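Student: Protein sequences, first through last, are from chains A and B.
The opening position of the first sequence corresponds to residue 2 in the working numbering, with each subsequent residue numbered one higher.
The opening position of the second sequence corresponds to residue 2 in the working numbering, with each subsequent residue numbered one higher.
Simulated from the structure, these hints should not be mistaken for laboratory data.
Please note that a few of the clues may not be correct.
Which copy is meant is left open, so a pair is good if it fits within one copy or across any two.
[To be verified] Subject to a maximum C-alpha distance of 20 Å in a straight line, what follows is the list of computed EDC-like cross-link-like pairs (lysine to aspartate or glutamate):
| no. | residue 1 | residue 2 |
| --- | --- | --- |
| 1 | K279 | D170 |
| 2 | K32 | D235 |
| 3 | K285 | D300 |
| 4 | K123 | E192 |
| 5 | K106 | E54 |
| 6 | K231 | E54 |
| 7 | K59 | D300 |
| 8 | K106 | D170 |
| 9 | K193 | E100 |
Keep in mind it's a predicted model, so treat the numbers as computed, not measured.
Listed below are the residues making up each chain.
There are 2 protein chains.
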Amino acid sequence: MDTLIAVDIGGTNIRCALFPLKGNSHITIKKIRTLSSRGKSEKPIDRLISCIEEIWPKQGRVLGICAAAPGSIAVNDGVVLLAPNIPGWKNIPLGKTLENHFAVKTLINNDARLATYGEWKKGSGIGHSNLLYYTLSTGIGGGIIVNGRLLQGEIGIATEVGHITIHADGPLCSCGQPGHMEAFSSGTAIEKYVHDKISEGKSNAEVFNNEVPSSAEIAKAALAGNPLSKEAFDRAGYFLGIGVANYLHIFNPSCIIFGGGVSRSGNLIFDPFYASLKKHVLSKRYLENLTITTAKLGDNAGLIGCVEYLRDTLL
Amino acid sequence: MDTLIAVDIGGTNIRCALFPLKGNSHITIKKIRTLSSRGKSEKPIDRLISCIEEIWPKQGRVLGICAAAPGSIAVNDGVVLLAPNIPGWKNIPLGKTLENHFAVKTLINNDARLATYGEWKKGSGIGHSNLLYYTLSTGIGGGIIVNGRLLQGEIGIATEVGHITIHADGPLCSCGQPGHMEAFSSGTAIEKYVHDKISEGKSNAEVFNNEVPSSAEIAKAALAGNPLSKEAFDRAGYFLGIGVANYLHIFNPSCIIFGGGVSRSGNLIFDPFYASLKKHVLSKRYLENLTITTAKLGDNAGLIGCVEYLRDTLL
Numbered sequence: 002m003d004t005l006i007a008v009d010i011g012g013t014n015i016r017c018a019l020f021p022l023k024g025n026s027h028i029t030i031k032k033i034r035t036l037s038s039r040g041k042s043e044k045p046i047d048r049l050i051s052c053i054e055e056i057w058p059k060q061g062r063v064l065g066i067c068a069a070a071p072g073s074i075a076v077n078d079g080v081v082l083l084a085p086n087i088p089g090w091k092n093i094p095l096g097k098t099l100e101n102h103f104a105v106k107t108l109i110n111n112d113a114r115l116a117t118y119g120e121w122k123k124g125s126g127i128g129h130s131n132l133l134y135y136t137l138s139t140g141i142g143g144g145i146i147v148n149g150r151l152l153q154g155e156i157g158i159a160t161e162v163g164h165i166t167i168h169a170d171g172p173l174c175s176c177g178q179p180g181h182m183e184a185f186s187s188g189t190a191i192e193k194y195v196h197d198k199i200s201e202g203k204s205n206a207e208v209f210n211n212e213v214p215s216s217a218e219i220a221k222a223a224l225a226g227n228p229l230s231k232e233a234f235d236r237a238g239y240f241l242g243i244g245v246a247n248y249l250h251i252f253n254p255s256c257i258i259f260g261g262g263v264s265r266s267g268n269l270i271f272d273p274f275y276a277s278l279k280k281h282v283l284s285k286r287y288l289e290n291l292t293i294t295t296a297k298l299g300d301n302a303g304l305i306g307c308v309e310y311l312r313d314t315l316l
Numbered sequence: 002m003d004t005l006i007a008v009d010i011g012g013t014n015i016r017c018a019l020f021p022l023k024g025n026s027h028i029t030i031k032k033i034r035t036l037s038s039r040g041k042s043e044k045p046i047d048r049l050i051s052c053i054e055e056i057w058p059k060q061g062r063v064l065g066i067c068a069a070a071p072g073s074i075a076v077n078d079g080v081v082l083l084a085p086n087i088p089g090w091k092n093i094p095l096g097k098t099l100e101n102h103f104a105v106k107t108l109i110n111n112d113a114r115l116a117t118y119g120e121w122k123k124g125s126g127i128g129h130s131n132l133l134y135y136t137l138s139t140g141i142g143g144g145i146i147v148n149g150r151l152l153q154g155e156i157g158i159a160t161e162v163g164h165i166t167i168h169a170d171g172p173l174c175s176c177g178q179p180g181h182m183e184a185f186s187s188g189t190a191i192e193k194y195v196h197d198k199i200s201e202g203k204s205n206a207e208v209f210n211n212e213v214p215s216s217a218e219i220a221k222a223a224l225a226g227n228p229l230s231k232e233a234f235d236r237a238g239y240f241l242g243i244g245v246a247n248y249l250h251i252f253n254p255s256c257i258i259f260g261g262g263v264s265r266s267g268n269l270i271f272d273p274f275y276a277s278l279k280k281h282v283l284s285k286r287y288l289e290n291l292t293i294t295t296a297k298l299g300d301n302a303g304l305i306g307c308v309e310y311l312r313d314t315l316l
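For reference, chain A alone in the conformation it holds in the complex (with noise of 0.2 Å):
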């Protein structure tokens, strides 16, 4: 039987499941801590390379890899070229690496990008040519499709769609820059806010079990009442209003996917969002008939999407 191999790559765990040429569900699936415990040396991408060889089928051939990867992938190269999450994946061959080693074609791109990709093909976005996904998570990553075909840019460093500043005069986005998107909107931004405004005196801490909450446990003090939660996720959903609005007025698309933990938040950020992207779009034009949703693959999109882009790719 022929089949192809997916990989997702994250800071914890290393996902890879074998795939039939047709078909929607693994054969195999395996995943294994991204780093050895302590003591071990052994580096992630050989680890990587275990994994694969451990869903190796015994019989048939392999047609395709694809490795979903954290980070800035220079897609054409097949190189990570900054993967913060992993220690020392900077630069890395990962495409070459892989392909030496198993002697099959090999895709690597970046892992929001192919959630994209999945969730196009296989999730919320069946159907559109116009479509931008955002993962709202510790940092907010996405995809983007245009005219039927997934934006990557020149040499694959597209779609930093975190990383675009709606307030130069804002926080600092983790990326060192002055009021990106991700500086407001993303989990880290909501507990930043909140923990600054305790560290500041303006709130107490009382309401959480933690000293530096995380945003689910933000999520549910707000459900419960307190106020500075709820600001604090207002604020995240307004600035993404103002984020989305810019994507609309240059993208015009017909459909909007959320994933990633905060947008399990749901109406906590969901309805400040949906009052920011109304009162700032140039025209009403850009909400009719457009689809705002959410992610339906869950943890499995960016496997999926390794699945349908190879095949897409190769086939």
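Once you've looked at the hints, dock chain B against the given chain A.
Tutor: Below, chain B alone, put in the same frame as chain A:
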């Protein structure tokens, strides 16, 4: 002989040109004022039809008409949703009107987007598959090529490139929203900045011939050493750098083209723009192998864009 007709509709003039099916030079060109002289009530659309009739060939077929219009266009329907510079142009079914009158396939698109098409096919953008075009004029318009295709969006109202919020607390844009790139870096924004400073008594107007100097006059004054004028261009260039960095992070293009009156002020705007762009990009990779240049086709970009767009669409 088979021919094509290109039409460039502006707030001041309408220009119509007859082109051969193949070849770069027009056969006939005609220009009329968009509005009739005082006292006459002839509508712009009737004047446009007369202008096309005048260049209509005596012999041979016209295979298509393409009209470039200012403002927001529902491209698929050929409807001018809103053209603020042309009195009464709101929801004008321009495509159907011309198609019914001339019985010829007619395409309608935004003027800056067709200028982008012209520069891409015959001007400064030849050979690039991922390209950004900005016209820095009264406002900021433009167009975007992704994966070798024009970005238009679902109904054709994409690439409102000047209308992205880069400073949520910034000055109001012509559209009424705060802090758009256009509100910092257009000719109008430069003029407003100087005018406001003079009104506030923070500078004097002696250096200018007019009470409300144009951006061209301000450029002249800046070159002659006037500090306020220099400051106005520094500010415009700085914020243009922030806005364009956003676009680099989204599109990772290989070419950026600037057109429009303000781009003719040269280093006055481009020196602070480059400095700001370098400061605001996520990584130097976005600037490697990136061509930044000015438009080549001048006032003819729109007409040439119309013809190329017709050729690619019809043939």
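Student: If any of the earlier hints don't hold here, list their numbers in rising order.
Tutor: 2, 3, 4, 6, 7, 8 and 9
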